[in-house]
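Novice: From just these sequences and the hints, can you work out the full model?
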Amino acid sequence: MASEGKECQALPKKVGPQDFERIKLIGQGDVGKVYLVRLKNSTNYFAMKVLSKQEMIARNKLKRCLTEREILATVDYPFIVTLYYCFQSPDHLFLVMDYCAGGEFFRMLKSQPERRIPEDWVRFYAAEVLLALEYLHTCGFIYRDLKPENILLHESGHIMLTDFDLSKQAAVTAPVVKQSFMSGLFGGDKRPGAGQIMIDTNSFVGTEEYIAPEVIKGSGQSSAVDWWTFGILIYEMAYGFTPFKGDTQHATFSNICSSDRINIPEKPELSNAFKKMIRALLAREPSKRLGSKQGAGELKKCEFLQDVKWDSIRKMTPPYLPPVQDPVELAQKATSIRDTPDAQLDSCLAWAPEVISAHQRAQKAKEAKDSAHRHPEGKDGGSAGSSSSPQAGKDEKSKAADEVSESMSKMDVKSS
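Those letters in the sequence shown? Residues 1 to 416, per UniProt numbering, in order.
None of these hints come from the bench; they were simulated from the model.
Incorrect hints may appear among the rest.
[What the hints assert, rightly or not] Below, simulated DSS-like cross-link-like pairs (lysine-lysine); rule was C-alpha separation at most 30 angstroms, straight line: (1) Lys-40 / Lys-24; (2) Lys-309 / Lys-366; (3) Lys-147 / Lys-293; (4) Lys-276 / Lys-147; (5) Lys-301 / Lys-276; (6) Lys-309 / Lys-110; (7) Lys-63 / Lys-147; (8) Lys-288 / Lys-245; (9) Lys-288 / Lys-147; (10) Lys-366 / Lys-300; (11) Lys-267 / Lys-301; (12) Lys-366 / Lys-315; (13) Lys-288 / Lys-276; (14) Lys-245 / Lys-275; (15) Lys-275 / Lys-293; (16) Lys-315 / Lys-276; (17) Lys-276 / Lys-300; (18) Lys-288 / Lys-309.
As the structure is a computational prediction, the values presented were derived from the model and not from experiment.
Specialist: So, in structure tokens, the structure goes:
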């Protein structure tokens with residue numbers, strides 16, 4: 001079933017809103033909610049993300065949400081959540097994805113003694129995350145928001161990356177130099193090494209303690225951003241905290257950009273191979289960062305990861321098996337969703353389903369890889385503007401909602 005990742009039962013090609021039973025609210029963000037749902041007349045459980053078009057417009061997140069939808073419709077990989085169906089109505093976007101019964105990796109990490117895990121655990125999870133990032137980069141995407149909260153645990157204990165609204169599709173280009181808008185505070189940027197090939201984009205995104213120096217400085221971002229966040233992630237796994245956190249955001253950013261040394265605690269005692277990899281990943285100059293020249297292949301050759309059996313890691317037993325609650329039990333215990341205000345969603349759903357088939361994913365992945373050899377995209381697009389009159393504001397929102405619908409329609413691909 002879908003709650004068991006890629007090993008789901010055969011799914012119908014055509015479904016409508018009436019085919020899903022919402023069971024429980026399992027997550028909530030600033031533009032939408034995530035529900036545990038069941039495909040009726042089956043044992044398939046999914047996570048359904050319901051996004052409000054009005055909130056996306058108000059918070060200027062239309063492009064981000066459409067980007068997430070496009071990426072999920074393109075990728076097909078064991079360590080990345082699968083998008084099975086998507087719908088839209090006049091007011092909402094709906095994404096039906098894998099339900100990961102193991103919950104957030106973040107919660108597992110924080111439940112461990114001293115909020116950290118043993119080095120052999122770090123190696124296992126680092127390997128799975130590395131493979132997911134390698135796949136995304138191959139498809140021409142930069143993740144840009146790697147952190148424990150965006151890693152889910154499948155009920156088998158393996159990881160799955162989620163939340164791609166900050167990701168970016170970009171082109172593989174020759175080295176690009178961007179002028180820093182904070183050069184007066186942190187100094188200018190140096191040109192990447194000769195012959196270097198990097199995926200480049202330019203916008204400010206990320207989570208404070210995980211943001212790479214080049215993002216703070218406003219310089220051009222590349223796939224090296226993901227290797228920085230990867231370094232922060234495995235540091236937090238091993239030590240229970242991030243290396244550059246300050247008392248304020250400014251202090252944190254200053255530590256990230258200008259600290260001479262990386263704080264490597266004496267306890268717990270970790271291998272020199274791990275410490276060496278951390279230092280190589282957290283090089284402040286992107287061109288000198290591990291992974292910046294040859295991608296994931298550089299990391300795989302490191303001593304810390306050299307014994308990983310890459311071809312069989314999916315078949316290995318993870319070091320931690322998360323306690324999971326049977327979705328059937330949740331369904332039996334949950335208060336009826338129809339007793340909540342969200343029951344109105346049933347009546348507003350339009351009959352506009354799309355099935356993301358394996359053939360369509362392969363075609364989209366090919367198109368994504370092909371686009372990696374074209375010109376890079378510019379900055380994120382514009383937003384719905386403000387207006388001096390209420391009617392004008394309403395018109396702008398209606399226009400923006402129409403643009404979302406049109407964009408969704410353009411993304412649709414014909415069934416094979």
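Novice: Are the hints correct? Go through all of them and say.
Specialist: Evaluation of the provided hints:
1. Lys-40 / Lys-24: holds (15 angstroms)
2. Lys-309 / Lys-366: holds (27 angstroms)
3. Lys-147 / Lys-293: The hint holds at about 23 angstroms.
4. Lys-276 / Lys-147: holds (21 angstroms)
5. Lys-301 / Lys-276: holds (13 angstroms)
6. Lys-309 / Lys-110: holds (27 angstroms)
7. Lys-63 / Lys-147: holds (22 angstroms)
8. Lys-288 / Lys-245: holds (23 angstroms)
9. Lys-288 / Lys-147: holds (22 angstroms)
10. Lys-366 / Lys-300: holds (25 angstroms)
11. Lys-267 / Lys-301: At roughly 26 angstroms apart (the allowed maximum being 30 angstroms), Lys-301 and Lys-267 satisfy the hint.
12. Lys-366 / Lys-315: This hinted pair holds, its Cα atoms lying about 27 angstroms apart.
13. Lys-288 / Lys-276: This hinted pair holds, its Cα atoms lying about 14 angstroms apart.
14. Lys-245 / Lys-275: holds (19 angstroms)
15. Lys-275 / Lys-293: Answer holds: Lys-275 to Lys-293 is near 21 angstroms, not above 30 angstroms.
16. Lys-315 / Lys-276: Satisfied, since the Cα-Cα distance of roughly 28 angstroms is no more than 30 angstroms.
17. Lys-276 / Lys-300: holds (14 angstroms)
18. Lys-288 / Lys-309: holds (27 angstroms)
Going through the hint list in order, the structure satisfies each hint without exception.
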